[in-house]
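The residues making up each chain are set out below.
Protein chains: 2
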Amino acid sequence: MSTFLFDCDGVLWSGDTPLEGAPEALDMLRKKGKQIVFVTNNSTKSRVDCKKKFDTIGIAASVDEIFGSAYSTAIYISRILRLPRDEKVFVLGESGIEAELHSEGVSFIGGTDPDLRRDMQPSDYAGLASGAALDPAVTVVLVGLDFHTSYIKLATAFYYLRRPGVRFLATNVDATFPHSHGLFPGAGSISAPLITMIRSVNLELEPLPLGKPSQAMMDAIEGKFKLDRSRTCMVGDRLDTDIKFGIEGGLGGTLGVLTGVMREDDLLQAGKEGREKGPSAYLEKLGDLIAGA
Amino acid sequence: MSTFLFDCDGVLWSGDTPLEGAPEALDMLRKKGKQIVFVTNNSTKSRVDCKKKFDTIGIAASVDEIFGSAYSTAIYISRILRLPRDEKVFVLGESGIEAELHSEGVSFIGGTDPDLRRDMQPSDYAGLASGAALDPAVTVVLVGLDFHTSYIKLATAFYYLRRPGVRFLATNVDATFPHSHGLFPGAGSISAPLITMIRSVNLELEPLPLGKPSQAMMDAIEGKFKLDRSRTCMVGDRLDTDIKFGIEGGLGGTLGVLTGVMREDDLLQAGKEGREKGPSAYLEKLGDLIAGA
Numbered sequence: 001m002s003t004f005l006f007d008c009d010g011v012l013w014s015g016d017t018p019l020e021g022a023p024e025a026l027d028m029l030r031k032k033g034k035q036i037v038f039v040t041n042n043s044t045k046s047r048v049d050c051k052k053k054f055d056t057i058g059i060a061a062s063v064d065e066i067f068g069s070a071y072s073t074a075i076y077i078s079r080i081l082r083l084p085r086d087e088k089v090f091v092l093g094e095s096g097i098e099a100e101l102h103s104e105g106v107s108f109i110g111g112t113d114p115d116l117r118r119d120m121q122p123s124d125y126a127g128l129a130s131g132a133a134l135d136p137a138v139t140v141v142l143v144g145l146d147f148h149t150s151y152i153k154l155a156t157a158f159y160y161l162r163r164p165g166v167r168f169l170a171t172n173v174d175a176t177f178p179h180s181h182g183l184f185p186g187a188g189s190i191s192a193p194l195i196t197m198i199r200s201v202n203l204e205l206e207p208l209p210l211g212k213p214s215q216a217m218m219d220a221i222e223g224k225f226k227l228d229r230s231r232t233c234m235v236g237d238r239l240d241t242d243i244k245f246g247i248e249g250g251l252g253g254t255l256g257v258l259t260g261v262m263r264e265d266d267l268l269q270a271g272k273e274g275r276e277k278g279p280s281a282y283l284e285k286l287g288d289l290i291a292g293a
Numbered sequence: 001m002s003t004f005l006f007d008c009d010g011v012l013w014s015g016d017t018p019l020e021g022a023p024e025a026l027d028m029l030r031k032k033g034k035q036i037v038f039v040t041n042n043s044t045k046s047r048v049d050c051k052k053k054f055d056t057i058g059i060a061a062s063v064d065e066i067f068g069s070a071y072s073t074a075i076y077i078s079r080i081l082r083l084p085r086d087e088k089v090f091v092l093g094e095s096g097i098e099a100e101l102h103s104e105g106v107s108f109i110g111g112t113d114p115d116l117r118r119d120m121q122p123s124d125y126a127g128l129a130s131g132a133a134l135d136p137a138v139t140v141v142l143v144g145l146d147f148h149t150s151y152i153k154l155a156t157a158f159y160y161l162r163r164p165g166v167r168f169l170a171t172n173v174d175a176t177f178p179h180s181h182g183l184f185p186g187a188g189s190i191s192a193p194l195i196t197m198i199r200s201v202n203l204e205l206e207p208l209p210l211g212k213p214s215q216a217m218m219d220a221i222e223g224k225f226k227l228d229r230s231r232t233c234m235v236g237d238r239l240d241t242d243i244k245f246g247i248e249g250g251l252g253g254t255l256g257v258l259t260g261v262m263r264e265d266d267l268l269q270a271g272k273e274g275r276e277k278g279p280s281a282y283l284e285k286l287g288d289l290i291a292g293a
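Chains A and B, in that order, are what the protein sequence lines are.
Under full-length UniProt numbering, the residue at position 35 of the first sequence is numbered 35, and the numbers go up by one with no gaps.
Under full-length UniProt numbering, the residue at position 75 of the second sequence is numbered 75, and the numbers go up by one with no gaps.
Derived by calculation from the structure, the hints in this document are not laboratory data.
Bear in mind the structure is a predicted one, so any value in this text is a computation, not a measurement.
Ideal Cβ placement from N, Cα and C applies to all residues, glycine included.
Take these hints with a grain of salt, some might be off.
[As the list claims (entries may be wrong)] Partial list, derived from the structure: chain A residues whose beta carbon lies under 7 angstroms from chain B:
| # | residue |
| --- | --- |
| 1 | S123 |
| 2 | A137 |
| 3 | F147 |
| 4 | S189 |
| 5 | M197 |
| 6 | S230 |
| 7 | C233 |
| 8 | Q269 |
| 9 | G271 |
Work the whole structure out from these sequences, hints included.
See the structure below:
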């Protein structure tokens, strides 16, 4: 293998704590001349924010090695959709998404706007129902992990989604995200109310996820890092995102670790369901790479 | 028919506006000596709150005629589950639920507690993941319509739900609720993130809904009002709650109105799918009862 793609949460750290041996394992790979790319679905952070997190945790990384779902989504909107300059994205998410959209020159509203962190007022109901409170330039609704999800945001996004032709994108659809050795609501839980509402009005609309396991993200990574897929290994803690991402991307290998979401039982179950579900190999923790080096 | 069960939102009013002719239609039924019960899935209001809403709108009603999903749920917890006094309910919802739980002597936490309307702090992640922030007395998670849904509430509810034996109840699971002639997130959209998270950890747990169309609510109404089901008619604007509630309850009739969620197309579709899906009759609006009287 010449390149290693690393998931971060649950592989390198949990919350604000580095996982045992993870920094040393990365150092070892670097010393062996391996290319390293950090591929994270955490959409709350821009690449620059993510670099700060690496610094805090004490893991060496450069901004150019970081590839997050917010960045992947911004690239998709600007370069694949080629969203016209006079159209806008309505964002449910944090500043990381805003920073990446901004870096790609994409116009947006919502996001961290404090006006969407307040209580609904009677005039809000009327404004949304009549459309007067909606921006006619919005043609995309983008949902990522939002620590400030609110009733008014969900109601507003629902009204945008019901307009003909509006696209529904998601940085990712992970139901949970790992923190402090536990699981917390992920981007897929932020979009869940919208999916419930949309189905109830018989609209056929599902969010298009642009983080792992979406191959749009793999294509973007391949384009940027010129990697040889057959000599690339994806390392992660989730079968349904990381491992699936590597397998569907035709990578040379996938490596599972048990320090995040995936448990040994899940691997056994995946093994029963066939080769195409489970990782090529797994370790209790990334630090064990050193023992096996 | 001797008794009429009325849904409120979308039948009598939309938001804060009475629907044309609805007050007059009710007056006419009262003059004819019909018993009237208002059966609402809006769990944000207690019966007393609901009476105030009737007063504001200008429709005559007494507290005893009102039967809401918050009340229905409180009765279920106190009289059917017989929750021990030292156990507690964790509430996602508004003051209406709290008032009805209080009236039935049920202990609870959460709800309108301002401490759950703030941002997550690093210590919250650790406290939830370790269990230190959880109240060991909580044995029920109850979700209703919550205009103040938040990340910390969803995360907390998720941790309670993962504890063995904890029950998952919902005042109702309507995806949307009508307001200002539009649709807004309903109780079913508030519980959607929890269902998404629970499924992702392979737990078999679905919320038990205690509002329409749950027959637990019909049984409670029958017990309180001593009604003759064969001479009772349910009037509503939703096929999947109101009309289903009446049909499955074996009522003498069901009457649909088109001033809320249901459209004429939905009725045609229900007609195709068989007698057991659609109402026995329908009107453009409740006010049309007068023309046909």
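Looking back at the hints listed earlier, which ones does the structure fail to meet?
-> Structure breaks hints 1, 2, 6, 7, 8, 9.
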